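Protein chains in written order, with our numbering: chain A, 2 to 180; chain B, 41 to 333.
Keep in mind that the hints were calculated from the coordinates and are not lab data.
Just to be clear, a hint being listed does not mean it is correct.
Calculated lysine-lysine pairs in the DSBU-like style (CA-CA distance at most 30 Å, straight line) [claimed, not checked]:
1) Lys186(B) x Lys299(B)
2) Lys97(A) x Lys46(B)
3) Lys97(A) x Lys186(B)
Cβ pair distances, simulated, as ranges [to be verified]:
4) Asn140(B) x Leu149(A): 52 to 60 Å
5) Glu114(B) x Asn103(A): 53 to 61 Å
6) Leu149(A) x Glu242(B): 18 to 26 Å
7) Ser156(A) x Leu76(B): 35 to 43 Å
8) Ile6(A) x Glu162(B): 28 to 36 Å
9) Gln168(A) x Leu76(B): 36 to 44 Å
Pulled from the structure, derived: some chain B residues nowhere near chain A, Cβ distances all over 12 Å [as the list claims (entries may be wrong)]:
10) Ile51
11) Val133
12) Ala135
13) Ser181
14) Glu231
15) Gln250
16) Leu253
17) Leu263
18) Met311
The model shown is predicted, which means the values in this text are computed figures rather than measured ones.
The beta-carbon is built from N, C-alpha and C at its ideal position, and this holds for glycine as well.
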Amino acid sequence: MKRLILPLFLLLFLVVEGIFPELIPDSFIASDILIIPYLVIIFIILISVFYDYDQTYHSVYYGITFGLLTDLIYTDLIGVYMFTYGVVAFAIHVLKRMLHANFFVTFLLTLFGVSVADMLIYMMYYVIQITNMPVAEYAVNRLLPTILMNIVLMSLLYPLFYRRLWQWSEEQMSHRKTV
Amino acid sequence: MASFFKRKKLIMMLISIVLLVALIGFSMRERENRTLPEQFIMDTIGWVQSVLHVPVDLVGNFFGNLQDLKNTYEQNQLLKSRLSEYKNLLYEVQALEKENKELREIIEKEKTLRDYQTIHAEVIARTREAWFKQITINRGSQHGVKANMAVITADGMIGKVQSTTPFTSRVQLLSGFDRNNKISAVISDNENVFGLIEGYDEEKKMLMFQSILAESEVEVGQLVVSSGMGGVFPSGLVIGTIESIESDAFGLTKIAYVKPAADLYNINQVMVIDRELFSPVLDEDQGEMEEEL
Numbered sequence: 002m003k004r005l006i007l008p009l010f011l012l013l014f015l016v017v018e019g020i021f022p023e024l025i026p027d028s029f030i031a032s033d034i035l036i037i038p039y040l041v042i043i044f045i046i047l048i049s050v051f052y053d054y055d056q057t058y059h060s061v062y063y064g065i066t067f068g069l070l071t072d073l074i075y076t077d078l079i080g081v082y083m084f085t086y087g088v089v090a091f092a093i094h095v096l097k098r099m100l101h102a103n104f105f106v107t108f109l110l111t112l113f114g115v116s117v118a119d120m121l122i123y124m125m126y127y128v129i130q131i132t133n134m135p136v137a138e139y140a141v142n143r144l145l146p147t148i149l150m151n152i153v154l155m156s157l158l159y160p161l162f163y164r165r166l167w168q169w170s171e172e173q174m175s176h177r178k179t180v
Numbered sequence: 041m042a043s044f045f046k047r048k049k050l051i052m053m054l055i056s057i058v059l060l061v062a063l064i065g066f067s068m069r070e071r072e073n074r075t076l077p078e079q080f081i082m083d084t085i086g087w088v089q090s091v092l093h094v095p096v097d098l099v100g101n102f103f104g105n106l107q108d109l110k111n112t113y114e115q116n117q118l119l120k121s122r123l124s125e126y127k128n129l130l131y132e133v134q135a136l137e138k139e140n141k142e143l144r145e146i147i148e149k150e151k152t153l154r155d156y157q158t159i160h161a162e163v164i165a166r167t168r169e170a171w172f173k174q175i176t177i178n179r180g181s182q183h184g185v186k187a188n189m190a191v192i193t194a195d196g197m198i199g200k201v202q203s204t205t206p207f208t209s210r211v212q213l214l215s216g217f218d219r220n221n222k223i224s225a226v227i228s229d230n231e232n233v234f235g236l237i238e239g240y241d242e243e244k245k246m247l248m249f250q251s252i253l254a255e256s257e258v259e260v261g262q263l264v265v266s267s268g269m270g271g272v273f274p275s276g277l278v279i280g281t282i283e284s285i286e287s288d289a290f291g292l293t294k295i296a297y298v299k300p301a302a303d304l305y306n307i308n309q310v311m312v313i314d315r316e317l318f319s320p321v322l323d324e325d326q327g328e329m330e331e332e333l
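Construct the complete structure from the given sequences, taking the supplied hints into account.
What follows is the structure, given as C-alpha cells:
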C-alpha cells in the first residue's frame with residue numbers, strides 16, 4: 002500500500018492539471034496569456050530531491066510514465082511529454098547529486114525544470130506545426146507566466162511534502178541496503 | 041569502462057529519440073478510434089476526473105451565484121419588459137410548428153435536416169496544453185456518441201467530437217478548427233448565401249467564413265448557422281454573428297469574420313447532436329471520407 006502513495010499523488014496532480022484552467026480567472030484566459038501548470042514535474046522534482054538516492058531512479062521512471070499519461074489524456078500526440086518529462090527528470094537527478102536538499106535548491110531546480118520542459122515542448126510542437134507562435138511572443142505570453150505560476154505552486158507543495166518524502170524514502174528504501 | 045558508459049548513454053539517447061519520432065508519427069494520423077489500452081487509460085482517468093470535478097464545480101457555482109445576485113435587480117427589470125414580447129412569439133411559434141407538421145404530413149416527409157436528438161454531457165476536463173483546443177466530456181460511445189458529431193451549448197455551436205472512448209469523448213473546439221474541419225454554413229435570413237467555416241483567426245479570435253460568392257449580399261450583424269449540407273451536422277445550429285467582411289486575395293470570393301455565439305472559454309454543460317436524417321459519415325461504416333461537416 003505504501004508503494005502506491007507516490008503514484009496516487011502523481012495521478013491526483015495529473016488530474017488537477019486538467020481542472021486547473023477553470024480555477025484561473027476568465028480575464029486571464031481571454032487575454033493572450035497562457036499559463037500551463039506543471040504540477041507533475043514539480044512533484045517529480047521533489048521526489049528526485051528528497052526521495053531518490055543517488056543510485057535509484059524512481060523520479061525518472063515516474064517522469065516517463067506520467068509523461069505518457071499526460072500525452073494520452075491531454076494531447077493527441079504520444080511521445081512529446083513522455084520524452085520531455087523523462088529528459089527533465091534525468092537532468093534534475095544528475096544536478097541534485099551535486100547540490101544540497103533545501104528550499105533554495107528546489108526553487109532553482111524548479112525554475113530550471115519547468116523552463117526546460119516548456120521550451121522543449123514548444124520546440125517540438127513548433128516543429129510539427131501544432132503551433133506557429135513566434136519565439137518572442139511565446140517567451141512573453143507563455144514561458145514567463147508559466148514559470149511564475151509554477152514557482153508559486155512549488156512554494157505551496159514544498160512545505161507539505163518535503164518531510165514526508167524523506168520519511169517515505171527512509172521507510173521504503175532502507176531495506177535496499179540489506180537486500 | 042568510462043567510455044563504455046558514455047557509449048551506453050549515447051545509444052540510450054538515440055533509441056529514445058527514434059522512439060519519440062516513431063510515436064509522434066504513429067499518433068499524428070487522424071484517429072477516430074483509439075487503441076484499446078489508450079481507451080482503458082482514458083476511461084479510468086476520466087472517472088477520476090469526474091469525481092474530482094464535483095467539488096470544483098460546487099465552488100465555482102457558489103462564486104457564480106454571488107456574481108449573479110449582484111445583477112439580479114437590473115436583469116429582472118429587463119426580463120419583465122421582454123416577457124410580453126416572448127409570449128406573442130411563443131404563440132406564433134406554436135402556430136407555425138403545427139402548420140409545419142400538417143404540411144409535412146401532406147407531402148409525407150417525416151424527417152428533415154433540421155431534426156436531431158441530443159445527448160447531454162458535462163465537461164470533466166479542459167486540456168492543460170492550451171495549444172490543443174479541446175475539452176473532455178463524460179459521455180462516450182456507450183451513450184451513443186460518435187466521432188464527428190456536433191457539440192453545442194445553449195448559446196450555439198462549440199465544436200465537434202474528435203474521438204470517443206466507451207465512457208468519455210474528446211471535443212475539438214471551434215477555435216481549434218483548421219482546414220481539415222470545415223463546416224458548411226449559411227446566413228440564416230438569406231439561405232442563398234453559402235460558404236464554409238474554415239479556420240480560426242487567432243488574433244481576431246473569430247472564425248473565418250470563407251468561399252462566399254463575391255456578388256452575394258453579406259452584412260455585418262447577420263447570423264450564421266450550419267446548413268446541414270455537409271452530411272454530418274443538422275441544419276440550423278447557431279454558429280455566430282458576422283463582425284467584418286473582407287474580399288479574398290483574388291477578389292473572387294468574400295471572407296466574413298464570424299464571432300462565435302457560444303463562449304468557448306467557459307463551458308460546463310454541453311449537448312452532443314445526433315441528427316435524425318441519414319448521415320453517410322455517422323451511420324455507415326466509417327470509411328475514409330473527406331471530412332466536410
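| Supplied distance hint 35 to 43 Å, evaluated on CB atoms of Ser156(A) and Leu76(B) | 41 Å, holds
| message | Between the alpha carbons of Lys97(A) and Lys186(B), is the straight-line distance 30 Å or under? | response | 48 Å, violated
| query | Is it true that the C-beta distance of Glu114(B) to Asn103(A) lies inside 53 to 61 Å, as the hint says? | reply | Given range 53 to 61 Å: holds, Cβ gap about 55 Å.
| query | Honestly, do Gln168(A) and Leu76(B) meet the 36 to 44 Å range at C-beta? | reply | 39 Å, holds
| task | Examine each Cβ of chain A, and state whether all of them lie more than 12 Å from the Cβ of Ala135(B). | result | 41 Å, holds
| request: May I ask you to check that Glu231(B) keeps its beta-carbon over 12 Å from the closest beta-carbon of chain A? | output: 33 Å, holds
| query | Against chain A, does Ile51(B) keep a CB gap of more than 12 Å to every residue? | reply | The claim stands: Ile51(B) keeps its Cβ more than 12 Å from every Cβ of chain A (closest is about 15 Å).
| query | CA of Lys186(B) to CA of Lys299(B), is that 30 Å or under? | reply | With Cα atoms ~27 Å apart, Lys186(B) and Lys299(B) stay inside 30 Å; holds.
| message | According to the definition I'm using, a residue is off the interface if its beta carbon is farther than 12 Å from all beta carbons of the partner; does Leu263(B) meet that for chain A? | response | 23 Å, holds
| task | Would you check whether the claim that Ser181(B) is not at the interface survives, using Cβ distances to chain A and the 12 Å cut-off? | result | 17 Å, holds
| Leu253(B) and chain A, when compared Cβ to Cβ, separated by more than 12 Å | 30 Å, holds
| task | Report holds if the minimum CB distance from Gln250(B) to chain A is greater than 12 Å, and violated otherwise. | result | 19 Å, holds
Of the hints listed earlier, the one the structure fails to meet is number 3.
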